[in-house]
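S.K.: Could you put the whole structure together from the sequences, leaning on the hints where they help?
Here are the chains, one letter per residue:
2 protein chains.
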Amino acid sequence: MPIKYTLERADKTVKARAGWLKTPHGEVPTPLFMPVGTQAALKTVHPDLAEAAGAKIILSNTYHLFLQPGPAVVARLGGLHEFMGWRGPMLTDSGGFQVFSLPGRVITEEGVRFAFEKGGAPTFMGPEESIKAQNDLGADIIMAFDECIPYPADHKYTAASVERTLRWAKRSQNAHKRQAEQGLFGIVQGSVYADLRERCAKELVKMDFPGYAVGGVSVGEGHELMMRAVEHSEPFLPKDKVRYLMGVGRPEDIIEAIERGMDIFDCIIPTKMGRAGVFFTSEGKLRIHKKNYRKDRYPIDTACGCAVCKRFSRAYLHHLFEVDEPLGKTLGSIHNIHFYMELTAAARMAILENRWTEWKKGFYAKYLKGGDEGEDSSQKSGKKR
Amino acid sequence: MPIKYTLERADKTVKARAGWLKTPHGEVPTPLFMPVGTQAALKTVHPDLAEAAGAKIILSNTYHLFLQPGPAVVARLGGLHEFMGWRGPMLTDSGGFQVFSLPGRVITEEGVRFAFEKGGAPTFMGPEESIKAQNDLGADIIMAFDECIPYPADHKYTAASVERTLRWAKRSQNAHKRQAEQGLFGIVQGSVYADLRERCAKELVKMDFPGYAVGGVSVGEGHELMMRAVEHSEPFLPKDKVRYLMGVGRPEDIIEAIERGMDIFDCIIPTKMGRAGVFFTSEGKLRIHKKNYRKDRYPIDTACGCAVCKRFSRAYLHHLFEVDEPLGKTLGSIHNIHFYMELTAAARMAILENRWTEWKKGFYAKYLKGGDEGEDSSQKSGKKR
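Same order as they appear, the protein sequences are chains W and E.
Those letters in the first sequence? Residues 96 to 480, by the numbering used here.
Those letters in the second sequence? Residues 96 to 480, by the numbering used here.
The set of hints was computed from the structure by calculation and includes no laboratory data.
Incorrect hints may appear among the rest.
Copies of one chain are not kept apart here, so a pair can be met inside one copy or by any two copies together.
[Unchecked claim] The calculated EDC-like cross-link candidates involving lysine to aspartate or glutamate, where the alpha carbons are at most 20 Å apart (straight line), are:
1) K390 - E177
2) K405 - E177
3) K367 - D419
4) K405 - D143
5) K405 - E146
6) K386 - E276
7) K110 - D335
8) K455 - D106
9) K456 - D249
M.R.: This is how it looks when you write it as structure tokens:
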């Protein structure tokens, strides 16, 4: 089995877990945040700098790579790791999330007919096509092709969709040709409905995947309903498999999901915000465009040990954004990736040292003091740009 | 004296020289190419990656920094090195080149009245203002405020302009307040006129600068006239001072200028072309947009040892440019900076090993085989974007 999760310590009072996830490209600690490199690249960040910022597993997007350069080209060039020069583990999503959000897509039992953006030709993607593409791309972790439905959706539609997602999960499993090199994860759907989340999780577990994702979240439902979706799914997932909460999220979403038993996360928020000049700090978010940073000789976060904070002042970053120098986006992304990596590393340490609740309270006391200036939690990885 | 040039070996048959240039931030070998970081940043390139690509001295632009964040702010933050996190030597130009190219600028004996782009307020810059700004910025090498005239210019105008440039050079010298930390270079003007180049060079040498630049080139005059400008200036410059050919250029411009006794060079060509997907190789320029690179597993240049060529294929770079991923610009810039750094390093080695002409022939035999697809040689550093 290419993917193996080992539970190191489970908290006694909440469901938070610390563990290790073994992949063909190395073993990584969990909980773990995974930065998103949609088009086989972390936007504005050289892989050496991402690695230095602590990135361990990175994501790429089957939909985008399907379009360009095409999975067959990537396979011919030795797979995604070789193609993009990333030495650590990788994960690809199934492409479903993007395909379902396209206007004019037609869903049938077979799969989805759609036209790629930019006036593309009509295309078909079902479980077999998605898995074939992901086998070609060659990431360590690949995802079943599921129907990611919008929020809100009624119970009737969701119930029928869950059954289709289960049939597609089975077909994904059957289509998977590289079982020795890649682990295929099942995805729990079911929107906000406890009964459907339970049924989906239980049926997927019968199929025995090496890891399970909670999907269909971060689609505009908000923090509370996102947490309900986790709570409705998690009890039915095995303890000896890793749990992946897809497309999440803000630091507080991740912390609360860890507390509810989730292990790995991906989101475009840190890199997207980094490029926009919004930097995460231990005391909340810092917006570098503000005039008061013009002469500020302090680093982004005096409590941060990242390569950006050790070398550059807020004044320099303010300048880079002021004159629209691309290096500003690079440095902002590096800092934010480091923040997210430190966040999950600190969560892990707190779990191991049996001080979860104390750590969480301490984090929030500082972080929320700075205020959340209104980001929603719906910034799913690989969302159409 | 903060700037000291030591001649290591002068070729016996041509004027090529190998030497060392000592600055407050380290000693560097010459001939040397200096990458341009116009707005206190190398566009798309993190300083660690620039250093790894071999960059030793980098340039910044007084005009751009005058506008934002302002030299006083940079001074308050500890100077340009501290501000932008660059540990090696730096050079600032005087801002004159940009100011003179602005529409509506008015030149008087005092200096130049102009309005900054983007609807800026009327501003004045003369030698005193430029040197004050450069003292504030704190680069190791700073440049006299000169009149950089366009090509073509008639003899009468050029003669009057050279006299003004000489008076401004004297005023620049008098205005320079940080003689212990920064070396001020004089700039030889005179357009294409041998008598004016000679007069300008001789008068500047009487003022005794720690280094001399040949300016007023790379303004559209073409390779032949650029070489004439060097030949008309160089004989009158002292052997024990470094010679800087400003805003040059293509590899063949640099090689021919080294052969004519020039030591240091700056140009936006490698980074600008790198961002445009045009990569320098030992066999000429490679345009990564071309379809035939789509599945090409080779590096940009199989003869290149740069970090990009060691890790990434042409196919990956083609993909990055195809989907407009910023990482493509970064990798292209790194490769091209490395190419230029290797070019001047190889030239230096050839001079030291007494095989200049043989090396030059060998370089051209491979490089020109690939063809020059029509770049002109007028891409001056820091030209208005």
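S.K.: Find the hints from earlier in the document that the structure breaks and name them by number, from lowest to highest.
M.R.: 6, 9
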